[in-house]
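There are 2 protein chains.
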Amino acid sequence: MININTNYLNLKESYLFSDINKKIKEYKKINPDAKIIRLGIGDVTLPLPKLIVDGMVKASQEMGVKDTFRGYPPEFGHDFLRNNVKAYYKRYNVDIDLDDIFISDGAKSDMGNLLDIFGKNNILIPDPVYPVYLDTNIMHNNNVIFIDGNKDNNFLPLPNDSLYGKSYIIYICSPNNPTGASYNKEQLKEWVSFAKKTESLIIYDAAYEAFIDNDVPHSIYEIDGASSIAIEVASFSKFAGFTGIRCGYTIVPSSININGVLLNKLWKRRQSTKFNGVSYITQVAASVALTTEGIKECQKNLCYYKENARLLKEFFKKKGIWFSGGDNSPYIWLECPFGMSSWEFFQFLLEKCNVIGTPGVGFGKNGEGFFRITSFGTKEDTLEAIRRMDLVL
Amino acid sequence: MININTNYLNLKESYLFSDINKKIKEYKKINPDAKIIRLGIGDVTLPLPKLIVDGMVKASQEMGVKDTFRGYPPEFGHDFLRNNVKAYYKRYNVDIDLDDIFISDGAKSDMGNLLDIFGKNNILIPDPVYPVYLDTNIMHNNNVIFIDGNKDNNFLPLPNDSLYGKSYIIYICSPNNPTGASYNKEQLKEWVSFAKKTESLIIYDAAYEAFIDNDVPHSIYEIDGASSIAIEVASFSKFAGFTGIRCGYTIVPSSININGVLLNKLWKRRQSTKFNGVSYITQVAASVALTTEGIKECQKNLCYYKENARLLKEFFKKKGIWFSGGDNSPYIWLECPFGMSSWEFFQFLLEKCNVIGTPGVGFGKNGEGFFRITSFGTKEDTLEAIRRMDLVL
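Chains as they are written, first to last, in our numbering: chain A, 4 to 396; chain B, 4 to 396.
Bound conformation, chain A alone:
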């Protein structure tokens, strides 16, 4: 008999979204005419800007002509795209070496695959959290230590004394999914300083950076010294609406040296052995998204979602309901009113308003009593949801 990875047997099945769908189905059975508004899922809804579509059309056509046909892409990405990523970081006064940029099919793949290059480690993960951080580490049998996000720290936990004495891989997502909260520069400095002192490594998830309006960092590399202790994972999914196109990138600085071994070199070996690069058409699309004109067009879509977030934020503020996010993020993370649990409030919103959100407890024990609402719906739906909620909250 061959051996399976028995760590998989320690994974908890996630029933969050299937439970949500079951409850909606039950409700619709009894109320077939209910006009349900879904503000639960973190997927974009606006179509891609025309200049990106034009880029993909042209790239597709090139593949049909002998002189412009392209075979295997470079494993780490086409230089035309890596150069545009480099230029994008320049906007934030961050200088990234071309050799440290790895184009991929998405942040989720990189988040999971990165663990390939590490041995067994202590892992520091906030609670509540994007479930992929936890599950991938269970698969690798790592020792996961949770750090509490809560109302007291605005769901932005910082290093504390009890954490010293060990080295960790630290997951930081800012602006955060699910809480919408963003670390400011001072707070990120604390994390970078902690990582240096404890010889730890930060994996920084910047998937939502394009939502930032305020003066909070877009990249961990805006913090001095971060490039020797932090990997950054980024995505075109939210910035350019590429959830269906699949493109992301990971920055593994050559300056990260673990006991004489360069992580950049290990990641290169990983990617050249277990990955064969990203579709030319996708890379052209991503590269167009990163031109000055492309960024402008993508930001138009983001402004649409941000206006929804603003409307939701103003509403909950008016109602005196505590929340984080809404600024710099498509997510509003609110405290369930009337002392309800996450699932009680889910049922309440479903029955009283026909509005769907996501119970916070689905993101970890500290999410109990909280609830995530997204701004990815249409403006009409968002306004209608607010109108209905206004009657009962």
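Since the hints were derived computationally from the structure, they do not count as laboratory data. Worth double-checking, as some hints may not be accurate.
Because identical chains cannot be distinguished in the list, a pair is counted as satisfied if it fits within a single copy or across any two copies.
Said to hold, decoys possible - Straight-line distance between alpha carbons at most 30 Å, and here's what the computed DSS-like set of lysine-lysine pairs gives:
| # | residue 1 | residue 2 |
| --- | --- | --- |
| 1 | LYS53 | LYS25 |
| 2 | LYS28 | LYS268 |
| 3 | LYS271 | LYS368 |
| 4 | LYS89 | LYS31 |
| 5 | LYS192 | LYS169 |
| 6 | LYS15 | LYS322 |
| 7 | LYS123 | LYS355 |
| 8 | LYS154 | LYS123 |
| 9 | LYS268 | LYS368 |
| 10 | LYS38 | LYS69 |
| 11 | LYS38 | LYS200 |
| 12 | LYS38 | LYS15 |
| 13 | LYS268 | LYS123 |
| 14 | LYS15 | LYS123 |
| 15 | LYS53 | LYS69 |
| 16 | LYS93 | LYS28 |
| 17 | LYS309 | LYS123 |
| 18 | LYS368 | LYS61 |
| 19 | LYS25 | LYS69 |
| 20 | LYS69 | LYS309 |
| 21 | LYS355 | LYS303 |
| 22 | LYS61 | LYS320 |
| 23 | LYS192 | LYS32 |
| 24 | LYS25 | LYS271 |
| 25 | LYS382 | LYS32 |
| 26 | LYS123 | LYS322 |
| 27 | LYS321 | LYS368 |
| 28 | LYS322 | LYS368 |
| 29 | LYS169 | LYS299 |
| 30 | LYS69 | LYS32 |
Knowing the structure of chain A, use the given hints to seat chain B on it.
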């Protein structure tokens, strides 16, 4: 200090293709006017058929329109594509359950990522071999046992008595890269029977199946009972010329049960945690390639390469040089003439004919004294290479 995956330090750097390029560069320095013909690399060169390009253009345009925009794809692939994969297997009288088909960004990713769901195992790998099988297993610290391919067994090793008594993960690639050799039905039956008796698992690499003309199996599932002991990895790279488009699929039958654990369920968990599906545009392209009309168009391109293979095969036959492949494969794997080593023959062909191939020793110790030539060049180049080789061989 955090821990890296120290198995990476046991990997040998592959200098094969960089060494080849270095030698070409040196030669060109002294002979700047040399018209070098490259028959070394396994990448396709013909543009994509028009109806596939049209599919991609249409899919790209759909992404720019609100009503047809698509967000996150299903993690295991769109059903329109999985259904076409299922129908493709029907051509070979193989019935695949839709639920067992996993669409991916390519066979190389799947080949590497599959090891995620396994623990430590004995691995049976032929020598010579596609280097990815070996390197990925070194990364996972598996116990690799080589099985000899050689002239005596036509580079088609079969299970032998000394292998009984252990369970293995067995890598079989047929038609083979680099040797071009294909197992017939009787030989695959031996492997399936061996796997059953030893409670082993076969990972079957069918990347080159579309080159098959003769009566050899296209899929391991053409062998009775294989669906309880074999995973199959396939690709659109060679079949449809998708090396730059990135699409493949892996079949993990629900009937593979390892001590009560279904591999299908583990792979689902792996893919839903560390992967976010394949670009909609890519999946549309793949789906068009698998229509009756699409298959016909793709086969036109394959016929072009096959004609090159036939020309090369006829040439080496005329010269009395031993080779495998050429049938059912884009590769000719020949014994170096005049008792030369792989690298000696490389240098000989470079200097005497300005023709580039790949030294067989780059694929393992049993490749010493052999040489790989591909049919992916143009017909003109292939004929010219033959003309030049005819003068010196």
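Structure-based check of all given hints:
1. LYS53 x LYS25: neither (37 Å within a copy, 44 Å between copies)
2. LYS28 x LYS268: This pair counts as between: shortest inter-copy Cα distance 25 Å, intra-copy 50 Å.
3. LYS271 x LYS368: This pair counts as between: shortest inter-copy Cα distance 25 Å, intra-copy 37 Å.
4. LYS89 x LYS31: Neither. Shortest intra-copy (49 Å) and inter-copy (34 Å) distances fail the 30 Å Cα cut-off.
5. LYS192 x LYS169: So LYS192 and LYS169 pass the 30 Å test inside one copy only (19 Å; across, 54 Å).
6. LYS15 x LYS322: neither (36 Å within a copy, 63 Å between copies)
7. LYS123 x LYS355: The answer is neither: 48 Å in one copy and 53 Å across copies each exceed 30 Å.
8. LYS154 x LYS123: This pair counts as neither: shortest intra-copy Cα distance 32 Å, inter-copy 44 Å.
9. LYS268 x LYS368: between (38 Å within a copy, 26 Å between copies)
10. LYS38 x LYS69: between (52 Å within a copy, 20 Å between copies)
11. LYS38 x LYS200: This pair counts as neither: shortest intra-copy Cα distance 54 Å, inter-copy 58 Å.
12. LYS38 x LYS15: This pair counts as neither: shortest intra-copy Cα distance 33 Å, inter-copy 61 Å.
13. LYS268 x LYS123: This pair counts as both: shortest intra-copy Cα distance 19 Å, inter-copy 25 Å.
14. LYS15 x LYS123: Classified as both; 20 Å inside a copy, 23 Å across copies.
15. LYS53 x LYS69: Both: 26 Å inside a chain and 12 Å across chains, each within 30 Å.
16. LYS93 x LYS28: Answer is neither: 48 Å inside a copy and 36 Å across each miss the 30 Å cutoff.
17. LYS309 x LYS123: neither (40 Å within a copy, 48 Å between copies)
18. LYS368 x LYS61: Neither: 48 Å inside a chain and 45 Å across chains, both beyond 30 Å.
19. LYS25 x LYS69: Only across copies: LYS25 and LYS69 sit 27 Å apart there, 51 Å inside one copy, limit 30 Å.
20. LYS69 x LYS309: Between copies only: 18 Å across chains, 44 Å inside a chain, cut-off 30 Å.
21. LYS355 x LYS303: Classified as neither: same-chain Cα gap 33 Å, cross-chain 61 Å, threshold 30 Å.
22. LYS61 x LYS320: Neither. Shortest intra-copy (47 Å) and inter-copy (44 Å) distances fail the 30 Å Cα cut-off.
23. LYS192 x LYS32: neither (52 Å within a copy, 52 Å between copies)
24. LYS25 x LYS271: So LYS25 and LYS271 pass the 30 Å test across copies only (21 Å; inside, 43 Å).
25. LYS382 x LYS32: Only inside one copy: LYS382 and LYS32 sit 27 Å apart there, 64 Å across copies, limit 30 Å.
26. LYS123 x LYS322: neither (47 Å within a copy, 56 Å between copies)
27. LYS321 x LYS368: within (28 Å within a copy, 74 Å between copies)
28. LYS322 x LYS368: Classified as within: same-chain Cα gap 26 Å, cross-chain 74 Å, threshold 30 Å.
29. LYS169 x LYS299: neither (44 Å within a copy, 61 Å between copies)
30. LYS69 x LYS32: Intra 56 Å, inter 29 Å, cutoff 30 Å: inter-copy only.
Hints 1, 4, 6, 7, 8, 11, 12, 16, 17, 18, 21, 22, 23, 26 and 29 from the list above are not met by this structure, while the remaining hints are.
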